[in-house]
Amino acid sequence: MIELRNVTYSYGGGELFSEVSLQLAPGSFHFLTGPSGAGKTTLLKLCYGELVATGGEVSIFGSDTRKMNRDDVAMARRRIGVVHQDCQFLDHLPLSENVVLPLTVAGRQAEADANLKDLLAWVGLAGQAESLPPQLSGGERQRAALARAVIMSPDVVIADEPTGNIDWEMSQRLLTLLVELNKMGKAVLVATHDLNLIRAAKAQVSARILRLAGRKLQAAGAEL
Amino acid sequence: MKVRLGFLLSLLAGDPQADRAVPPTGFTARLTVFTSGAMALLAVFALAFSLATERMADRWAAELARTSTLRISAPQDQVGAQTAAAVRLLETTPGIASARALTPEEQQALLEPWFGPDLPIASLPIPQLIEIIEEGDGFDETGLRARLLAEVPGAVLDDHTRWREPLVAAAERLRLLGLAAIVLIGLSTAAMITMAAQAALAANAQVIRVLRLVGARDIYIARAFVRRFTLRALTGAAVGTAVGMAAIWFLPSADDAGSFLTGLGFQGLHWLWPLAIPPLAAVVAFMATRGAALRSLKEQS
Ligand SMILES: Nc1ncnc2c1ncn2[C@@H]1O[C@H](COP(=O)(O)OP(=O)(O)OP(=O)(O)O)[C@@H](O)[C@H]1O
Ligand SMILES: [Mg+2]
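Chains B and G supply the protein sequences, listed in that same order.
Heads up: the first sequence begins at 5 in this note's numbering, then just goes up one per residue.
Heads up: the second sequence begins at 3 in this note's numbering, then just goes up one per residue.
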């Protein structure tokens with residue numbers, strides 16, 4: 005569904021990474037690790053079309069991102085649930101409306117009611133539905149971001165450090181959510197430093213673990 | 003235009019969700035309402051001015067085409083004979099409906115504003131005036147002058163054109179100025195709304211980023227801004243137009259028929275014209291905001 009072939013990226017200075025190839029097929033589960041600053045977030049942005057590769061080819065649902073216009077990117081985003089590292093919300097709207105925003109902009113509000121309550125309950129935010137995002141803790145915002153990413157039941161879920169500020173028990177609940185989506189055939193890509201989370205996942209699904217370091221993307225060794 | 007109008011209506015009916023996605027912006031909102039109100043008020047005045055000058059030009063042009071005056075300046079004992087000869091001649095001239103010598107009372111009335119009521123008109127060598135009313139395309143001026151020269155030596159034909167033509171030209175020019183003012187008002191409104199919309203878009207860069215992240219298309223984001231500014235412009239212009247029309251309605255009508263200042267106003271069906279101003283303001287705001295929004299969304303990507 006999303007494919008990177010020999011991708012290079014640079015922000016204008018030196019190359020951040022090169023010769024990166026990656027295929028997010030339906031039902032696949034990937035973890036992306038690596039030291040801070042290696043370019044994990046950058047790689048994820050290439051996957052959902054926020055950045056365009058400076059070399060190589062990125063294709064999203066069969067379209068080359070170099071040839072996609074803004075409308076094409078918007079339509080592709082509706083099939084990709086993204087959890088940003090710095091969760092971005094509309095601060096003037098209550099959490100519930102923020103979570104259903106992907107449905108709203110797609111003109112599919114009608115589907116919101118069915119899922120919203122269950123989803124908020126699952127991520128432990130049932131009581132905060134009417135709070136404004138700035139009134140939430142960092143961990144609560146991350147959980148809300150995950151809820152927003154999956155409410156459309158997207159084909160691909162891309163999460164950048166989804167458990168950074170979250171306690172272990174809640175992290176496992178979020179993982180379960182991702183695993184369940186994966187079992188439904190969604191492709192999942194999670195960038196994380198949390199080795200415990202990766203271990204817990206490996207017990208439930210066959211996940212590939214990738215490591216971005218030294219400008220290269222490689223399969224992580226047996227240390228996990 | 004039909005498509006545009008349909009789109010405009012659907013826009014006003016609205017997508018309240020898209021509207022909510024953008025936080026309210028109090029300052030640009032008040033600015034837009036105020037400016038479009040002020041502009042609408044000015045537009046009403048400019049329109050009234052245009053229509054009044056148009057009426058004036060038409061009236062003058064019509065009078066000018068229809069009437070002329072013949073002046074008989076002759077020794078006192080010949081005035082009667084020459085007047086009778088002139089009237090006879092005029093009555094047989096093609097293009098002249100009637101020719102009539104003014105009575106001494108009428109002549110006195112004409113002079114009264116300048117000399118007062120007690121003018122002993124009979125004892126003064128005042129030329130006798132003959133009023134000519136034309137018909138059809140009017141008379142052949144050169145021919146008439148030649149015949150008068152031969153038959154009524156004391157006659158001077160004044161066809162009004164000479165002194166009224168520049169007035170009519172001036173009135174038409176004024177009318178054009180009024181129309182130009184309306185166009186300028188429209189352009190200024192567009193410029194102002196463009197700037198306000200750009201400010202609002204810049205202030206909401208973060209909102210736009212979030213909306214894009216979740217798959218909003220440019221047109222969806224633009225619509226929230228467009229709808230808002232269009233409604234504000236419509237509201238402001240409606241108020242401005244109402245105030246302007248009221249001001250003109252209550253203009254004191256000192257009835258010196260034809261006096262330009264008091265003729266400034268709308269007559270009959272012309273009262274419907276200013277009603278077009280608010281919808282026009284809305285269309286202007288719609289196009290200005292849409293252009294600004296799509297442009298800056300392109301830049302912000
Ligand atoms: N917009 C940008 N312009 C220029 N350089 C950037 C930009 N964004 C990121 N970088 C640089 O690119 C490098 C990789 O950033 P990135 O956010 O992808 O790292 P990361 O692997 O996600 O790190 P972390 O684990 O801390 O989140 C960093 O050195 C960063 O400074
Ligand atoms: Mg990162």
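Any given hint might turn out to be false.
[To be verified] Here are the in silico distance ranges between beta carbons for each label pair:
1) A204(G) <-> E115(B): 51 to 61 Å
2) D21(G) <-> S157(B): 23 to 33 Å
3) L181(G) <-> A133(B): 21 to 31 Å
[As the list claims (entries may be wrong)] Below 27 Å or equal to it, Euclidean Cα-Cα: the simulated DSS-like pairs (lysine-lysine) are:
4) K187(B) <-> K206(B)
5) K300(G) <-> K49(B)
6) K206(B) <-> K71(B)
7) K300(G) <-> K71(B)
8) K187(B) <-> K71(B)
9) K49(B) <-> K71(B)
[What the hints assert, rightly or not] Here are some, though not all, of the chain G residues that point toward chain B, as calculated from beta-carbon distances under 8 Å:
10) R147
11) R149
12) L213
13) L215
Hints in this document: simulated from the structure, not taken from any laboratory.
From a predicted model like this one, the values you see are computed outputs, not experimental measurements.
Here a beta-carbon is modelled for each residue, glycine too, at the ideal position from N, C-alpha and C.
Status of the hints after comparison with the structure:
Taking 51 to 61 Å as the suggested C-beta distance range, the pair A204(G) and E115(B) does not conform, at roughly 33 Å. In this structure, D21(G) and S157(B) meet the distance hint of 23 to 33 Å, their C-beta atoms being roughly 26 Å apart. Between L181(G) and A133(B) the beta carbons are some 57 Å apart, a value that contradicts the proposed interval 21 to 31 Å. The straight-line distance between the Cα atoms of K187(B) and K206(B) is roughly 14 Å, inside the 27 Å bound, and the hint therefore holds.
Between the alpha carbons of K300(G) and K49(B) the distance comes to roughly 19 Å, so the proposed pair stays at or under 27 Å and holds. Under the criterion of a C-alpha separation no larger than 27 Å, the hint pairing K206(B) with K71(B) is inconsistent with the structure, at around 37 Å. A C-alpha spacing of about 16 Å is found between K300(G) and K71(B), which places the hinted pair at or below 27 Å, so the restraint holds. For the hint pairing K187(B) with K71(B), the CA-to-CA distance comes to about 32 Å; that exceeds 27 Å, so the pair is violated.
This hinted pair checks out: K49(B) and K71(B) have alpha carbons roughly 16 Å apart, not beyond 27 Å. Among the interface hints, the one on R147(G) is violated; its C-beta lies about 77 Å from the nearest C-beta in chain B, farther than the 8 Å criterion. Checking R149(G) against chain B: minimum C-beta separation of about 81 Å lies over 8 Å; hint violated. Taking 8 Å as the C-beta cut-off, the interface hint given for L213(G) holds, the closest approach to chain B being about 6 Å.
The interface hint given for L215(G) holds, since its Cβ lies 6 Å from the closest Cβ of chain B, which is under the 8 Å cut-off.
Taken one by one, the earlier hints fail for this structure at numbers 1, 3, 6, 8, 10, 11, listed in ascending order.
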